[in-house]
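Visitor: Note that the sequence shown ends on residue 449 in our numbering; no numbers are left out.
Watch out, some of these pointers could steer you wrong.
Below, simulated DSS-like cross-link-like pairs (lysine-lysine); rule was C-alpha separation at most 27 Å, straight line [as the list claims (entries may be wrong)]:
#1 K354 - K104
#2 K137 - K381
#3 K268 - K329
#4 K329 - K139
No lab work stands behind these hints: they were computed from the structure.
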Amino acid sequence: MTIVITLCSLLIVAYLFDLTSSRTKIPSVILLLLLGWMVRQVTNFLKINLPDLDQVLPILGTIGLILIVLEGSLELELNKSKIGLIKKSFLGALFPLFILAFSLAYMFQYYGGYSFKDSLTNAIPFCIISSAIAIPSVRSLTSREKEFVIYESSLSDILGVIFFNFISFHTTFGIETFGSLLLEIVMIIVVSLIATIALSYLLNKIDHHIKFVPIILLVILIYAISKTYHLPALIFILIFGLSIGNIDELKHFKWIENFETDLLSKEVIKFKELTIEATFLVRALFFLLFGYLIQTKEILNTDTLVWAVGIVFILFILRTVQLKWSKIPLFPLVFVAPRGLITILLFLSIDPLNRIHLVNESLIIQVVLLTAFIMMFGLMVTGGNQKEKTTS
Numbered sequence: 058m059t060i061v062i063t064l065c066s067l068l069i070v071a072y073l074f075d076l077t078s079s080r081t082k083i084p085s086v087i088l089l090l091l092l093g094w095m096v097r098q099v100t101n102f103l104k105i106n107l108p109d110l111d112q113v114l115p116i117l118g119t120i121g122l123i124l125i126v127l128e129g130s131l132e133l134e135l136n137k138s139k140i141g142l143i144k145k146s147f148l149g150a151l152f153p154l155f156i157l158a159f160s161l162a163y164m165f166q167y168y169g170g171y172s173f174k175d176s177l178t179n180a181i182p183f184c185i186i187s188s189a190i191a192i193p194s195v196r197s198l199t200s201r202e203k204e205f206v207i208y209e210s211s212l213s214d215i216l217g218v219i220f221f222n223f224i225s226f227h228t229t230f231g232i233e234t235f236g237s238l239l240l241e242i243v244m245i246i247v248v249s250l251i252a253t254i255a256l257s258y259l260l261n262k263i264d265h266h267i268k269f270v271p272i273i274l275l276v277i278l279i280y281a282i283s284k285t286y287h288l289p290a291l292i293f294i295l296i297f298g299l300s301i302g303n304i305d306e307l308k309h310f311k312w313i314e315n316f317e318t319d320l321l322s323k324e325v326i327k328f329k330e331l332t333i334e335a336t337f338l339v340r341a342l343f344f345l346l347f348g349y350l351i352q353t354k355e356i357l358n359t360d361t362l363v364w365a366v367g368i369v370f371i372l373f374i375l376r377t378v379q380l381k382w383s384k385i386p387l388f389p390l391v392f393v394a395p396r397g398l399i400t401i402l403l404f405l406s407i408d409p410l411n412r413i414h415l416v417n418e419s420l421i422i423q424v425v426l427l428t429a430f431i432m433m434f435g436l437m438v439t440g441g442n443q444k445e446k447t448t449s
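Using the sequences and the accompanying hints, generate a full structural model.
Guide: Take a look at the structure:
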């Protein structure tokens, strides 16, 4: 019973963090990591032995990533007026990803003498904006800014995972390799369209009192099967969320005619509410557990601190250039470039044979914390008193 009481208490505290984050401007993830770390110190002090939880972290992270991207895509409007915003978000996610990845890979290769492929594999996790941290942290910003962050961070997750898998799963790179990537993208789009129609049908037709949990389980199942075949499965999550979240915009498609769109829209609202709650639960558990697994010596490791500061400096320089090039106001969005869940997940998925000595848990933790603190202070200074504006 002690574990149940502790877990429930921690999640209630996590809820209070989430409830007050829009007022305090402190990202709940920082408080969750701190809370998890404090629990570790208490268990060590009281000499309480807990089972090895390292293997649980990737599982929670994967489910959390699915739910976070799904929640974000359900929130987005899909119409002609958003084309410009989507284009800027896509380019903002794409170019900094490649520029930072190749820059860091060159630095790792130059200073460490590693192969460029291994250097690039280890560099990519640092180049992806964490939607798990970014999306919940911009609730107090304007609608236009929130939409940009949701699109950008979700696309950054998707493009980053595709890029990472492409580099890590191939030993040679030629026409056949790029052709294989294109085929995988086409396959996942086809799977996504078929699955979206099927899941929409179930959402519309199931009249059992339990209907949303099976849909979420099927979404996770389709994602997992797609990942097994090395398909960019996050594309499916994005397509599914955008489709059911924008039913009214899709009425000119023939397959929509088979649904009672008014009824389906009401069911989507309920589904969205459940997804938001489930996302909060899994995200809170992930960052609490990650905070618990952090060792103090990893945070204070001076050997990696110089690299961490250098990486963070470069990524914020690139973000400044990106926003100026896209003609998007710098403040407060220049500070919203946190690294987090996806960075940790990709680092954990690197084959031990391909890991390089320069990139370790200390460096990952320091970069995650530095970007989160910069975002926190940046939003406090520049985003605290913004009023909602009418989007053009």
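Visitor: So, for every hint listed, does it hold in this structure?
Guide: Hints, one by one, checked against the model:
1. K354 - K104: 19 Å, holds
2. K137 - K381: Roughly 24 Å separates the two Cα atoms, so the pair holds.
3. K268 - K329: 13 Å, holds
4. K329 - K139: 21 Å, holds
The structure is consistent with each of the numbered hints, conforming to all of them.
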